[in-house]
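The chain contents come next:
2 protein chains.
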Amino acid sequence: MTENVGNVIVSGRVRLARNYFDLPFSNAERPENAKLCVQRACEAMHNGTDDVYTLHVLNDMAKTNRMALVEQHLISRDLLQNSSVGAALIRKDQQISIMINEEDHLRIQSLIADFDLPAAANAAYETEALLGKVCGFSFDSQLGYLTACPTNTGTGMRASLMLHLPMLTRFKQMGNINQSVAKLGVTMRGIYGEGSEALGDLYQVSNQVTLGRTEDDIVEAVTAVGKQLIDMEGALRERCLTQQQNELKDTILRSYGILKYAVTMDEKEFMQHWSNLRLGTALELLPTSLCTVDELLTIAQNAHSKLYAADHESGAPVNVARCDLIRERLNA
Amino acid sequence: MTENVGNVIVSGRVRLARNYFDLPFSNAERPENAKLCVQRACEAMHNGTDDVYTLHVLNDMAKTNRMALVEQHLISRDLLQNSSVGAALIRKDQQISIMINEEDHLRIQSLIADFDLPAAANAAYETEALLGKVCGFSFDSQLGYLTACPTNTGTGMRASLMLHLPMLTRFKQMGNINQSVAKLGVTMRGIYGEGSEALGDLYQVSNQVTLGRTEDDIVEAVTAVGKQLIDMEGALRERCLTQQQNELKDTILRSYGILKYAVTMDEKEFMQHWSNLRLGTALELLPTSLCTVDELLTIAQNAHSKLYAADHESGAPVNVARCDLIRERLNA
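In order, the protein sequence lines correspond to chains F and V.
With numbering that gives the first Met the number 0, letter number 201 in the first sequence gets 200, and the count goes up by one each step, no holes.
With numbering that gives the first Met the number 0, letter number 278 in the second sequence gets 277, and the count goes up by one each step, no holes.
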């Protein structure tokens with residue numbers, strides 16, 4: 000295992016699905032129950048002193064602001080589908096977000112910037128404990144936690160690592176990897192979860208199964224697969240740096256030049272250049288920091304770009320605003 | 000006519016074809032005559048004081064050095080074909096070059112950086128007068144100067160303007176223009192003359208016919224067509240700047256970014272970006288000067304890039320050396 004895990008890992012995440020025991024699953028068609036879930040969650044997390052959590056009620060928000068939360072991975076695309084009842088409690092440091100009235104009553108999400116999934120899991124359990132004080136969760140002594148969709152029943156846990164795997168992608172290894180990790184109960188998804196594309200060569204490695212395994216087993220399995228992928232990606236990077244240095248540098252530096260100078264760019268093209276930008280930063284071929292690069296991943300998406308144009312009153316189309324903000328960051 | 004003629008014009012050139020009256024045309028198969036032509040030309044141009052002209056004997060030169068003279072437009076590709084007998088006398092300021100043993104015994108070429116073809120013609124006549132003092136030229140009182148190929152008979156003159164016409168090219172106007180100017184006895188060719196591609200959106204506008212027209216008529220016709228093309232190109236540029244500003248800027252700045260950062264690039268791709276670089280410089284969208292840009296046109300070609308790699312002992316492949324020298328100039 001190489002030391003520079005951060006060169007491949009973008010973030011880690013643990014998510015717990017929970018439902019109040021006294022309410023039927025799924026609140027999409029039950030606005031009164033949905034309201035009650037929001038009230039209970041707020042009661043649990045607002046302790047009367049400084050508010051650490053902010054409540055975001057989707058119905059009260061502009062579409063762009065909702066989408067910005069998706070881009071920050073603080074809420075899911077599925078919650079947008081339930082926007083008439085959906086809400087989220089988001090901790091100020093954005094490490095914890097509690098989605099309310101998504102598929103389940105509660106989805107507790109704990110984000111970390113590195114590899115430490117056990118720490119993320121612990122933060123999620125602490126939040127779960129606070130939420131459970133107001134009202135208990137639907138639990139079966141044989142199955143474990145019960146959920147709206149049976150694929151989440153048991154632990155209700157999804158542990159995932161967001162990995163940047165440009166070399167494995169370029170060398171067409173991802174098909175094989177997908178098949179191999181499936182045997183370990185682990186699955187690879189695109190940047191916005193199930194069914195989404197692997198834009199920017201980003202993959203979410205997460206557990207497929209939630210039932211019949213302990214939380215620790217799940218965290219361990221995802222971590223083990225993540226470590227292996229990091230090693231494989233690292234080995235390919237080193238090989239490329241020795242054997243195809245000019246071509247590799249050329250690809251990376253061209254993307255950097257384009258990001259620094261382009262005037263208009265759509266999201267899909269941005270993600271391609273972003274991948275090269277991150278790879279070049281990790282390989283120390285560029286003057287950028289991983290921190291800046293990973294921040295760009297969020298703020299150069301469509302909703303954030305629209306908000307940037309609005310903030311700067313530039314009236315720029317989204318693809319132009321994206322380039323404005325990218326240039327601002329890269330030249331900072 | 001806009002004031003910034005230099006935004007479109009890259010160079011002007013007048014070329015005179017001459018043959019010594021006492022020798023048969025074409026020296027490719029007559030090494031003794033070829034040698035005599037070189038001797039006569041040297042005698043005419045070396046006046047005993049400081050040598051203003053340098054003799055380049057192709058047979059004594061490395062292939063790359065010969066090719067570099069082609070890239071500087073100081074000798075023609077046709078002279079390379081005759082490299083066993085070919086030579087060139089080149090004035091130190093590179094404004095005058097005399098090719099010896101190309102298709103004709105002598106090809107006098109006078110280069111200018113601007114629009115002033117009459118001045119270029121005068122400089123060519125002065126050179127011709129000096130050359131003619133040693134031995135007279137093949138001349139017919141009815142036809143004019145006689146040449147190896149009948150298409151050059153008469154004045155033996157080709158007057159040409161090298162124009163950069165990116166907008167006319169992009170808006171697919173060049174086909175129509177070719178047809179129209181043909182009616183005026185004017186022809187459009189690529190950067191390396193007859194049959195060559197219009198790389199970099201560069202076109203040589205020159206007279207088709209050398210017979211039955213005076214030298215002044217030829218210069219006037221080429222100048223008139225050149226002025227009209229400059230106006231047409233200028234109008235399209237202005238329209239684009241108003242109506243498609245973001246797209247135009249994007250194209251230009253991306254090329255600039257790529258030129259500043261690419262690690263390897265072939266000649267053909269370079270010419271595409273060069274065209275955008277020149278357009279952006281002319282439109283004052285880039286910090287570069289037309290002088291630097293036009294210099295790049297020569298020094299970033301294959302032979303010059305190879306010489307650059309050799310000078311810097313970098314051992315870099317030609318496509319990498321090209322990028323090295325481009326970066327050096329653009330960051331200067």
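By construction, these hints were calculated from the structure, which means they are not laboratory data.
There could be a bad hint or two in this list.
Put simply, identical chains are the same to the list, so a pair is met inside one copy or across any two.
Stated by the list, open to error - In silico DMTMM-like links for lysine to aspartate or glutamate, alpha-carbon gap of 20 Å or less:
1. LYS267 <-> GLU246
2. LYS91 <-> GLU268
3. LYS226 <-> ASP77
4. LYS267 <-> ASP323
5. LYS182 <-> ASP50
6. LYS226 <-> GLU127
7. LYS259 <-> GLU294
8. LYS91 <-> GLU125
9. LYS132 <-> GLU283
10. LYS259 <-> GLU327
11. LYS226 <-> ASP115
12. LYS62 <-> GLU327
13. LYS132 <-> ASP323
Here is what the structure says about each hint:
1. Proximity of LYS267 to GLU246 under the C-alpha cut-off of 20 Å is restricted to the inter-copy arrangement: shortest distance 17 Å between copies versus 22 Å within a copy.
2. Proximity of LYS91 to GLU268 under the C-alpha cut-off of 20 Å is found in neither arrangement, the shortest distances being 32 Å within a copy and 49 Å between copies.
3. Taking CA atoms no more than 20 Å apart as the test, LYS226 paired with ASP77 passes in neither setting, with 29 Å inside one copy and 63 Å between copies.
4. Taking the closest pair of Cα atoms, LYS267 and ASP323 come within 20 Å of each other only inside a single copy of the chain (17 Å); across copies the shortest separation is 30 Å, beyond that limit.
5. With identical chains, the CA atoms of LYS182 and ASP50 are never at most 20 Å apart, being 44 Å at best within one copy and 82 Å at best between copies.
6. Within a single copy, LYS226 and GLU127 get their C-alpha atoms no closer than 28 Å, and across copies no closer than 78 Å, so neither meets the 20 Å cut-off.
7. For the identical chains of this complex, LYS259 and GLU294 are intra-copy neighbours only, at 16 Å inside a copy versus 25 Å across copies, given an alpha-carbon limit of 20 Å.
8. For the homomeric pair LYS91 and GLU125, the shortest alpha-carbon distance inside one copy (16 Å) is at most 20 Å, but the shortest distance between copies (83 Å) is not.
9. Taking the closest pair of Cα atoms, LYS132 and GLU283 never come within 20 Å of each other, the shortest separation being 48 Å inside a single copy and 67 Å across copies.
10. Both within a single protomer and between protomers do LYS259 and GLU327 lie at most 20 Å apart by alpha-carbon distance, with minima of 9 Å and 18 Å respectively.
11. Taking the shortest Cα distances, LYS226 and ASP115 sit within 20 Å of each other inside one copy (11 Å), while across copies they are farther apart (70 Å).
12. For the homomeric pair LYS62 and GLU327, neither the shortest alpha-carbon distance inside one copy (25 Å) nor that between copies (47 Å) is at most 20 Å.
13. Taking the shortest Cα distances, LYS132 and ASP323 never come within 20 Å of each other, neither inside one copy (47 Å) nor across copies (66 Å).
Comparing the model with each numbered hint stated earlier shows that hints 2, 3, 5, 6, 9, 12, 13 do not hold.
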